[in-house]
Amino acid sequence: MIIHLDLLLSPRNYLDPGTGSMLLQVIIAALAVIGGYLFMIRDRVKKIFTKKRTDETDADKTGQEEKYEEK
Amino acid sequence: MRDSGSFRDPSGFIFFDNNILYRQINLPYQKQYDHLMKSGLYEALVHDGIFISHKEVSYPLNDPEAWCVIQPQRIPMISYPYEWSFGAYKDAALATLKIHRKAIDYGMILKDASAYNIQFVQCSPKLIDTLSFDFYEEGQPWVAYGQFCRHFLAPLLLMANVDIRLSQLMRIYIDGIPLDLASKLLKRKGGFTALQHIHWHAKLSEKHADDGKKQEIKRIQPIKKSGFIAIIDGLIRAVEGIRLKNIQTEWGDYYSETNYSQEASKRKEEILANWIKKIEPQTVWDFGANDGRYSRIAADNGAHVTAFDIDPIAVERNYQQGKKTKTDILPLVLDLTNPSPAIGFANQERSSIEHRLQPDCIMALALIHHLAISNNLPFSMISEWLSQICKYLIIEFVPKDDSQVQTLLRTRKDIFDQYTLEGFKAAFEKDFSLIAAEPITGSDRILFLYHSKKLKDAENFQLNQQ
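Protein chains in written order, with my numbering: chain A, 1 to 71; chain B, 1 to 466.
With the rest of the complex left out, here is chain A:
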């Protein structure tokens, strides 16, 4: 859906928002949504690996503790 620019603007605005600034937001909104997903995926992958590593470290520690206890 494409509509008239001035229909989108609140009559209360006292700033001149600038046509260029508004048109650019259409482009960067799309980029930002994609970027947001990518960041979310990156964070999830990071979390999995961090969790794995933490588990491994915990396991190592537990193993070591057991060994010490055996001694």
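By construction, these hints were calculated from the structure, which means they are not laboratory data.
It is possible that part of the hints are untrue.
Residues on chain A that point at chain B, a partial pick, calculated with CB under 7 angstroms [unchecked claim]:
no. : residue
1   : R12
2   : P17
3   : G18
4   : T19
5   : S21
6   : M22
7   : L23
8   : Q25
9   : A29
10  : G36
11  : L38
Please read all numbers here as calculations on a predicted model, not as lab measurements.
We put the beta carbon where it would ideally sit given N, CA and C, even for glycine.
Keeping the supplied structure of chain A fixed, place chain B upon it in accordance with the hints.
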């Protein structure tokens, strides 16, 4: 009396009565103000420490446009973006974006994003404009996006990628750094953030600059709420990612290079603490504060301290330290040989530094030789200016044979015959009454405590809040 900088937004304005600051809210803004207060947004933002609090007061209203009057929390020292350190500027930008983001959860947005709407209480940024909120309407782009890029993103990217001193461009361009200028100065620096928000933005703005002359009305794709939020989240990530490169300036390691012995340094701190306790200043300006070592003495004794220095790196260190320790110090960048002037329409929108506050005390420690020798300022001119802007003056006299003065004189001709202790005392005692003088044991320097003979009436000073 209406504040001369409060005229852009028809929703209301700031005024002073009997030196108390008020904000009038006009009838057309009633719905937005009610929503701000009743939705929980006001409480949430005040709780987060990023929004100024206020109380509603009964005030006789003669203006048919007026709806009500509020009395906002007073800010100890008004500062402007060209005086902020990099870290302060970044925190101000993040505070603006976080307020805008939170507002959406309550059905509102920030309708403006002026850097002048942010003020600092200690090292904590706060939005001071209660009338900056409007209702969010699905589909609309952010009306203040261009303003945010000019007021915050462009200065931050220029400071981080080109030169930290470029924040001074804000002093010339009151509505933010023009994006075409920022784009030219950045060249290819600043990564994807600069590409989107500065370079593309500048090109598109230039292309559509004359759209007003065309008959056809521009059509646009409405922006979904998810896209609107993604832009803000993207801007928050972008600002968080702007970092200052590790640079060192001439003053950066002043305290490690100073000729002070440990004994002299300790003695200076003792004298200072004694005098501060004696005069009990509420407000202190520390000129040439460097990283704020001596400002902290005044702050520890209960004063609101503004710590000025010409070196943006020293001010940045002081700011980061202040954030950690939560001391009552606001570090600002200021060149005393060219202090912040009054700017804006009729030179009245933003006040000069000396018209924002009359400090109870000014500290000018290890500074006089920089003013008198590096900048050829006669003692009489320094003394006259200082006596007009403060009640008390704590000033350190640095003799000519001091190694710091000798360093300054090594590369230039010594034309400073008047630079003597006698010359100093004669000039300063014309404008000030001497209260005490103490030599700093372990050095040849002397500390003087003076009281101004030319006090200005405190009522002539009014904070320029917006």
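Checked hints:
1. Among the interface hints, the one on A:R12 holds; its C-beta lies about 6 angstroms from the nearest C-beta in chain B, closer than the 7 angstroms criterion.
2. Given hint, A:P17 at the interface with chain B, holds; its Cβ is 4 angstroms from that chain's nearest Cβ, closer than 7 angstroms.
3. Hint on A:G18 holds. Least Cβ distance to chain B is approximately 4 angstroms, under the 7 angstroms limit.
4. Against a cut-off of 7 angstroms between C-beta atoms, the interface hint on A:T19 holds, since the closest Cβ of chain B lies about 4 angstroms away.
5. The criterion of a C-beta within 7 angstroms of any C-beta in chain B is met by A:S21, whose closest approach is roughly 4 angstroms, and the hint holds.
6. Residue-level restraint check for A:M22 holds (minimum Cβ-Cβ distance to chain B is 4 angstroms; threshold 7 angstroms).
7. Annotation: interface hint on A:L23 holds; nearest CB of chain B at approximately 6 angstroms, less than 7 angstroms.
8. Given the 7 angstroms rule on beta carbons, the hint for A:Q25 holds: about 4 angstroms separates it from the nearest Cβ of chain B.
9. Against a cut-off of 7 angstroms between C-beta atoms, the interface hint on A:A29 holds, since the closest Cβ of chain B lies about 3 angstroms away.
10. Contact between A:G36 and chain B, as hinted, is supported at the beta carbon level, the nearest pair being about 5 angstroms apart and thus within 7 angstroms.
11. Hint status for A:L38: violated, given a least beta-carbon distance of 11 angstroms to chain B, over 7 angstroms.
Consistency note: the structure conflicts with earlier hint 11 alone.
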